[in-house]
Every structure is written in C-alpha cells, then in structure tokens.
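Visitor: These are the residues of each chain, in order.
Number of protein chains: 2
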Amino acid sequence: MAAYRPLDSHSVIDYLRATPSLADVLDLDAPMHAREVGDGNLNQVFIVENGTSDKSLVVKQALPYLRVAGESWPLTRERMRFETQALLKHNELAPGLVPQVYHYDEAMSLVVMENLSHLEVMRRPLVARKRFPHFADHISTFLARTLFFTSDFYLTGLEKKALQAQFINPHLCKIQEDFVFTNPFMDSPENRWNPLLNAEVQAVRRNSALKLALAEMKASYMTHAEALIHSDLHTGSIMANEETTKVIDPEFAFCGPMGFDIGAVLENLVLNYLSHFAHTPDVDTRKEYQAYLLGLIREIWTQFAAKFEALWLENNRGELMPAKYWDYPGGEEAFAEFRRRTLAHILRETAGHGGAKMLRRMMGIVSVWDITSIADLAQRAVAERLAIRIGSRWVMERNAIHSIDDLIGMVCEEAECTG
Amino acid sequence: MAAYRPLDSHSVIDYLRATPSLADVLDLDAPMHAREVGDGNLNQVFIVENGTSDKSLVVKQALPYLRVAGESWPLTRERMRFETQALLKHNELAPGLVPQVYHYDEAMSLVVMENLSHLEVMRRPLVARKRFPHFADHISTFLARTLFFTSDFYLTGLEKKALQAQFINPHLCKIQEDFVFTNPFMDSPENRWNPLLNAEVQAVRRNSALKLALAEMKASYMTHAEALIHSDLHTGSIMANEETTKVIDPEFAFCGPMGFDIGAVLENLVLNYLSHFAHTPDVDTRKEYQAYLLGLIREIWTQFAAKFEALWLENNRGELMPAKYWDYPGGEEAFAEFRRRTLAHILRETAGHGGAKMLRRMMGIVSVWDITSIADLAQRAVAERLAIRIGSRWVMERNAIHSIDDLIGMVCEEAECTG
Numbered sequence: 001m002a003a004y005r006p007l008d009s010h011s012v013i014d015y016l017r018a019t020p021s022l023a024d025v026l027d028l029d030a031p032m033h034a035r036e037v038g039d040g041n042l043n044q045v046f047i048v049e050n051g052t053s054d055k056s057l058v059v060k061q062a063l064p065y066l067r068v069a070g071e072s073w074p075l076t077r078e079r080m081r082f083e084t085q086a087l088l089k090h091n092e093l094a095p096g097l098v099p100q101v102y103h104y105d106e107a108m109s110l111v112v113m114e115n116l117s118h119l120e121v122m123r124r125p126l127v128a129r130k131r132f133p134h135f136a137d138h139i140s141t142f143l144a145r146t147l148f149f150t151s152d153f154y155l156t157g158l159e160k161k162a163l164q165a166q167f168i169n170p171h172l173c174k175i176q177e178d179f180v181f182t183n184p185f186m187d188s189p190e191n192r193w194n195p196l197l198n199a200e201v202q203a204v205r206r207n208s209a210l211k212l213a214l215a216e217m218k219a220s221y222m223t224h225a226e227a228l229i230h231s232d233l234h235t236g237s238i239m240a241n242e243e244t245t246k247v248i249d250p251e252f253a254f255c256g257p258m259g260f261d262i263g264a265v266l267e268n269l270v271l272n273y274l275s276h277f278a279h280t281p282d283v284d285t286r287k288e289y290q291a292y293l294l295g296l297i298r299e300i301w302t303q304f305a306a307k308f309e310a311l312w313l314e315n316n317r318g319e320l321m322p323a324k325y326w327d328y329p330g331g332e333e334a335f336a337e338f339r340r341r342t343l344a345h346i347l348r349e350t351a352g353h354g355g356a357k358m359l360r361r362m363m364g365i366v367s368v369w370d371i372t373s374i375a376d377l378a379q380r381a382v383a384e385r386l387a388i389r390i391g392s393r394w395v396m397e398r399n400a401i402h403s404i405d406d407l408i409g410m411v412c413e414e415a416e417c418t419g
Numbered sequence: 001m002a003a004y005r006p007l008d009s010h011s012v013i014d015y016l017r018a019t020p021s022l023a024d025v026l027d028l029d030a031p032m033h034a035r036e037v038g039d040g041n042l043n044q045v046f047i048v049e050n051g052t053s054d055k056s057l058v059v060k061q062a063l064p065y066l067r068v069a070g071e072s073w074p075l076t077r078e079r080m081r082f083e084t085q086a087l088l089k090h091n092e093l094a095p096g097l098v099p100q101v102y103h104y105d106e107a108m109s110l111v112v113m114e115n116l117s118h119l120e121v122m123r124r125p126l127v128a129r130k131r132f133p134h135f136a137d138h139i140s141t142f143l144a145r146t147l148f149f150t151s152d153f154y155l156t157g158l159e160k161k162a163l164q165a166q167f168i169n170p171h172l173c174k175i176q177e178d179f180v181f182t183n184p185f186m187d188s189p190e191n192r193w194n195p196l197l198n199a200e201v202q203a204v205r206r207n208s209a210l211k212l213a214l215a216e217m218k219a220s221y222m223t224h225a226e227a228l229i230h231s232d233l234h235t236g237s238i239m240a241n242e243e244t245t246k247v248i249d250p251e252f253a254f255c256g257p258m259g260f261d262i263g264a265v266l267e268n269l270v271l272n273y274l275s276h277f278a279h280t281p282d283v284d285t286r287k288e289y290q291a292y293l294l295g296l297i298r299e300i301w302t303q304f305a306a307k308f309e310a311l312w313l314e315n316n317r318g319e320l321m322p323a324k325y326w327d328y329p330g331g332e333e334a335f336a337e338f339r340r341r342t343l344a345h346i347l348r349e350t351a352g353h354g355g356a357k358m359l360r361r362m363m364g365i366v367s368v369w370d371i372t373s374i375a376d377l378a379q380r381a382v383a384e385r386l387a388i389r390i391g392s393r394w395v396m397e398r399n400a401i402h403s404i405d406d407l408i409g410m411v412c413e414e415a416e417c418t419g
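Protein chains in written order, with the numbering used here: chain A, 1 to 419; chain B, 1 to 419.
Hints listed in this document are in silico derivations from the structure and should not be mistaken for laboratory results. One or more hints might be untrue.
[Claimed, not checked] Far from chain B by the CB rule (all over 12 Å, computed), these chain A residues:
(1) Leu88
(2) Glu120
(3) Ser151
(4) Asp152
(5) Ala165
(6) Lys174
(7) Glu177
(8) Trp193
(9) Pro257
(10) Arg317
(11) Met321
(12) Gly331
(13) Ala334
(14) Ser403
(15) Asp406
(16) Gly409
[As the list claims (entries may be wrong)] The list that follows gives simulated cross-link-like pairs (lysine-lysine, DSS-like), each with its CA atoms no further than 30 Å apart:
(17) A:Lys174 - B:Lys130
(18) A:Lys60 - A:Lys89
(19) A:Lys55 - A:Lys89
(20) B:Lys174 - A:Lys324
(21) B:Lys60 - A:Lys174
(22) A:Lys324 - A:Lys89
(23) A:Lys287 - A:Lys174
(24) A:Lys174 - B:Lys287
(25) B:Lys174 - A:Lys307
(26) A:Lys174 - B:Lys55
No experiment lies behind these values; they were computed from the predicted model shown. Idealized CB from N, CA, C, for every residue including glycine.
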C-alpha cells in the first residue's frame, strides 16, 4: 500500500484515474473537475465530476492537522475507519438510505462515495417549513433495519460479539458520554447558553431527580450493547429531498442502546417544532406545520415499531431467543409479549435518550441551527424554555411512557398545542 | 518464541529449569518432582514440588486434542488466554483471593501458578457441613473489588472500552448463553433431570411468565457490560480452608452484568442448603447448618454492598458519574441515592441471574455435586422441587426484591425454614 499523502484538487483526479475499480461510477479517461467543499477541519471533501456526463462522486480524506482541540491524527484516521465500516454495514442493511461506498483506501485514510449534492441537510428546509413526504417511511425503515439486523434478535451470539469487537469506538463514545450526558449538566468551560436562561440552566444542574435520571441514561449508553447504533442521528446527519433520504456521517457508530438513535430523530423534530414559535409568526401557518411535525414523530415511531416487529417475525434466527424456546402451547403468545415488552423498552429509552439530547442542546457545547438561527434572544428563550421542560419530562417520566401518544402528549402539554 | 509442544512429567521439569524468572518460587537447580493431576480433557495440570523444600507450583497447559464435543484447539488456547488475563487482573484487584500467576507462555499455551493443593474445592466440605469462618468476608471482598474496579464507577470511558475489547469472549459467552439461559428451558438433547421431576420440568418449559423473565435475564447477560465478571463463580470455582479463600478458573470472564457473579455464589449456597434435606437427616443438625448457610448469604450480600459503596466513595474517579456532576447543593444526597439505586439494581439482578442458574442446574446439561450426590431419587427430588420453586421466584419476582431479607425470605417460605 502506498503511504499517506494529502490530496488536492489536482492530485485527487490523478488518484481516481489510477483506481480502475471506479470505472463503473466515473469515466476515468474523460475530463474531470474536482472542487474541495469540506469544512477543512478534520477532513477534506472533494466533489469530482465528469465534464462530459452527469457522473460524479465524492472523495473524503482525513487530514493530518491538529486544528481541533483534543483531536489528533491517529484519532482522525480511526474516525474515518469507523465511518467507512459503518457506511458499508448500513449499505448492506438499508441500501438506498445511505451514500454508496465505491472505494476505501485505509493507507490514504480516504473513502470514495456517492455524491449527494442534489440533497439538502434537513435542518434548513425544516426551518423553511418544507415537507418530506417519504421521510417517515424512509427513516423508520433505516432505523428498523439497521437496529434489528445488528441486534441479538437477529444475530447469533458469536456474530454479535464479532460486530461489537469491530465497533469498539472509545474516543467517539467519550465525546457523546461527556457532551450529551455529563458536562452540560455541571459547570464546564465549553458550555454555552442563552443568558436569558441562566435560572433554568442552574435549576437543571441542581435538579436531583433529573440528574439521577440522566445518570441512568448515561449508564444505558455506556453499558447496553443492544445493536449497532449510528449514535449521532440528528437532522444534521440526514440529507433529503422530496423523494430521497440519506443518513450520513456514522463515525460515532458502536453497539449501544437502540433508543439513542430513535430519540435523536424525534427530539430534533421537537426542537424544530419549538423553533417555529419564532421562525413562523403567523399562527395558522405555524400550527399547521407544527401539526405536520408531530404527525411525523407519530408516524416514525409507529412505522418503526411495525417494521421492527415484522422483521423479527420474518427473520427470527437470533439467539435472544431461538424460535424453539417459544415452541410450546402458549409460546406464540409469550413471544408476542416478548416483542411487545421489547418495543415498550425501546420507547422508554427513546424518551430518555431523546430528552437527554434535547436538554444538552440548550446548555452544552453546541446547540442546533433551528434554535441558534433565532436572532432575538427573548424569542429564542421561548423555544428553549419549552425544550428544557419537555426534555426534562422525557427523561424523568420515561417509565410512564407507554405509547407514542404519551411522548407527544408531553410536547403538547408544555407547548399548549392543539395538535 | 518456541513452538508449542505438549509437556509430560519429565519435560515439564526441563521447561521450568529453563525459566529463570521462576527462581523466586522454586529452587530450579534442586531436585524436582512433577505429577499430572488434571482431568485430561482440555488441559493438563502438573503439580511440581522441590524435594528438598516445601516449595511447589502448578503448571497448566492447554492440550491440542479434540476430546470434547464442539471444542477445538484454537478455542482451547483462547480459553487459556482468557483465564490467564483474568487471573492477572484478579491478582491486581483482589490479591490473596486468587492463585498467583508466576509465568505465562502464550506460544506454549501454558501458565505457571500458585499450588493450591492445601485447599479444598468448596462443594464437598459444604455437603459435609464444614464451616468457613472467613468465607463471607473473603468472597464479598473479591466481588466488591473485582466488580467495582472494572466498572464505569471507577474506570474512565476509555479504560473501560479497552478492558471490554480485551475480554470479548464469544465462545465462552455462548456456552453460558445456551446452557444457563436457553437450552434447559426447551427440548434439547443434552438436558438431564431426575425422572421424578418430569411434571415440574415440563411446567417450567410452559410457564410463559417465567420464560419471559428468563429471556430478560439473557438479554442482560448478552448486552449489559457493567463490569469484568468471573462468569462461572459457583462453589466449584472456589477453593478454601478455614483461613484462606481462592477463586479459580475465570476463563469465562467478560464484561457483563455484576449480578451474575453474586447470584452464582448465593444460588450455590441455596442448592447446598436444600441438599441437606437429604444429606443431613438429623433435624437439629440440619437446621443449625442451614441457618449457618442463610447467615452466609445474608453476610455476603451485606458485606458486598458495604464494601462496594466504600470503594466507590474512596475511589470516585470513574465517569459514571464524575464527582463534579454531584457538586451542587443537594448533590451529595443525590449521589448517595445513585449508589443506593445502583446496589438495588445489582440485588435484583443477583436474584434474577441466581434464579436462572438455580433452575438450569435442575434441568440442564449439568447439575451440582451437592444434589447429584443424593443417591435416592425421591430424596433428591425434595431438594430439586424446592430449587425449582425458589429459582422461579427469584427470577419472576426479582423486581419486588428490595433487601437481602426479601431474597432469603423466598427460600424460607418455600423451604419452611425457621430462619
């Protein structure tokens, strides 16, 4: 294998021309044009297009620079490896819902993948009240398939441990352990919040019932290896248009609690919902879009649960439990009850992890664009106070959540919605 | 490194003489005598003694034979590696309570360790109503120290993941997953039970509430990486005399649920308790020893809980949660509540895993000598029926267990003991 060298917009073309396995996706002998579109911190990202056809692809390469605090070159390369192996796994399990991987070069810390520039990262269009008619279907399929097929309900014990070993991802886990479950809820220099929320932030930090519940969610994240989770599945990790949905950036992937992924999707929709109190002053327009968002939340969970259970029934080869274990008079009902209890557990965890993530966006290292794009701090505080109340309830009252309506009900009760 | 070759009672002496690092524990130039004392299946075990002093040691070497169904040479060698690295970890965390490791030779699949032939495996002396005045103290120290110091309450997130990666132990886990949580409770050719228990065994297999609870315990075993557990801590894995206790054979070690280890110790004491209905016909003698055993159970849990909490307070450097997280008015009480909830969780899991293991000993691949040494099948069935009732309650009613007295109470209610 060649040694590592960082590419530029010229050498990337030479690299691609010398990689014959890419001939299916790019005309390697035809004219090509490359432009760097990354944020230049950890990775560089090139979009490479054939001038003579509509063929194109993306080259993502880890950079050996120390531009971000606490980051180092071996970690950046490791991150690229986790992203690539998760992308390959997601392509296998949820084809069409993630960018295709065309080529991986470990020595070059480089992955060549599908160009998604016809799609938009979801945050901005959601703030612009755009609708995604297939999103609930697509994301529930992604969640059901990636989680079910990497769980002990599908895998054998040996297969699961091999997957777990492949995805032991300590440094990326630590980022979430610190910045989702810990630092936002105590004094830590990187925390940022709306100064109008001082009282609320201090109240969260001193709320023992909430802190205990958050500690339980962190224990779940650190120790419950239920399935291979994306582990950073906010709406900034989803690109979409009206027809297509693609989940990107899975470098945090490891075997963790399923509810963390579902909770990430749902809480980001709630934060977007709350942001419209500022972004959409017209009451009717706002209510209509907010009702759409709550409908999305309901649909995503309902479809996820139905698809997860259908996959289980159709692919019941895992060792938790083997089909034969339920082979007795009454066993079919017991297996149905086991599936029901499993989904009830995932819903409680969805609320707990989603609530923790909602809270950390209000008082941790980084908020979400839906909220930070509200220029007026008083208007922003309206949404943020509601997020703190809803997030706190999702975490603390998660064991009283028995249906998606219970979870949505907490949004409605706090936001006084009619939906 | 030299290639693998199986040793015999002559070549083992040559091997030791050529290993100068052992000079502290054996006089390498003095006369030596070696005898093979293993069961000859997977490993051979030599006791090597100096003729001229009381110095001695044990050599354990994996054997490349296919004598046991489903076993193979790479797995046997892997097993030796897990045993050795767990022994080293246990020596570090609980010195004096495990055999010392003097030397490890991976190429030879060989470990040289402390000779424990002055101690007895606990099962037979417990059947003979022997008492171990330091056992509760020793085993609770072993449990508290090995579990606390390998948990997220002590380790950083990065340290814990490194430990977890080192102890991904798929084949040995699968043995427990199959033979503790699954096969005993369905039709499987290796299952053995007292023919007088046909009705009870069939009833367990058809008891949906119990099967659901057992599935939940298996999920805990497969996915809850709380700490490095021994994972086979029955009284056949403990050697003792009146002064000393040594935990042996940790080849099943992996990061799993803490309650599995504590449950193993306690349920084996219950099985021994029940065996005395046959082994000790004299009522007063029996009641006295049974009361001693229940006292042991109470002491082991009580001391474990006190030691675990004391270690936590004295070594609060883990990331679940960092000390600073509880640094606010009322935080000290919240941290105390977190410790209380954690120990309550471990007790429920102790009951659940202990109950599952008690049940599997009645109807799975292998029982325990305490019970199988009862020659009369009708007498044996008395103990076994009680074990099935107690084990079932420990599993199904575990969430109603709030103190060690609740757990012991179920033994007393079923066995009609006077306590």
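Visitor: Evaluate each hint against the coordinates.
Guide: Against the structure, the hints come out as follows:
1. Leu88: Correct as stated: the minimum Cβ-Cβ distance to chain B is 21 Å, above 12 Å.
2. Glu120: holds, 34 Å
3. Ser151: Answer for A:Ser151: violated, closest chain B Cβ roughly 9 Å.
4. Asp152: A:Asp152 not clear of chain B: closest Cβ-Cβ about 5 Å, inside 12 Å.
5. Ala165: violated, 5 Å
6. Lys174: The claim breaks: A:Lys174 does not keep its Cβ more than 12 Å from every Cβ of chain B (closest is about 5 Å).
7. Glu177: About 5 Å separates A:Glu177 from the closest Cβ of chain B, which leaves it inside 12 Å; violated.
8. Trp193: holds, 16 Å
9. Pro257: Violated, since 9 Å does not exceed 12 Å.
10. Arg317: A:Arg317 clear of chain B: closest Cβ-Cβ about 14 Å, beyond 12 Å.
11. Met321: Incorrect as stated: the minimum Cβ-Cβ distance to chain B is 5 Å, not above 12 Å.
12. Gly331: Since the minimum Cβ distance to chain B is about 7 Å, A:Gly331 lies within 12 Å and the statement is violated.
13. Ala334: violated, 4 Å
14. Ser403: holds, 20 Å
15. Asp406: holds, 21 Å
16. Gly409: holds, 26 Å
17. A:Lys174 - B:Lys130: With Cα atoms ~49 Å apart, A:Lys174 and B:Lys130 exceed 30 Å; violated.
18. A:Lys60 - A:Lys89: Measuring from Cα to Cα gives roughly 18 Å; hence the hint holds.
19. A:Lys55 - A:Lys89: holds, 25 Å
20. B:Lys174 - A:Lys324: With Cα atoms ~17 Å apart, B:Lys174 and A:Lys324 stay inside 30 Å; holds.
21. B:Lys60 - A:Lys174: This hinted pair is violated, its Cα atoms lying about 39 Å apart.
22. A:Lys324 - A:Lys89: holds, 29 Å
23. A:Lys287 - A:Lys174: violated, 39 Å
24. A:Lys174 - B:Lys287: violated, 53 Å
25. B:Lys174 - A:Lys307: holds, 28 Å
26. A:Lys174 - B:Lys55: Cα-Cα ~48 Å, so violated.
Figure legend: structure checked against the earlier numbered hints; hints not met, in rising order: 3, 4, 5, 6, 7, 9, 11, 12, 13, 17, 21, 23, 24 and 26.
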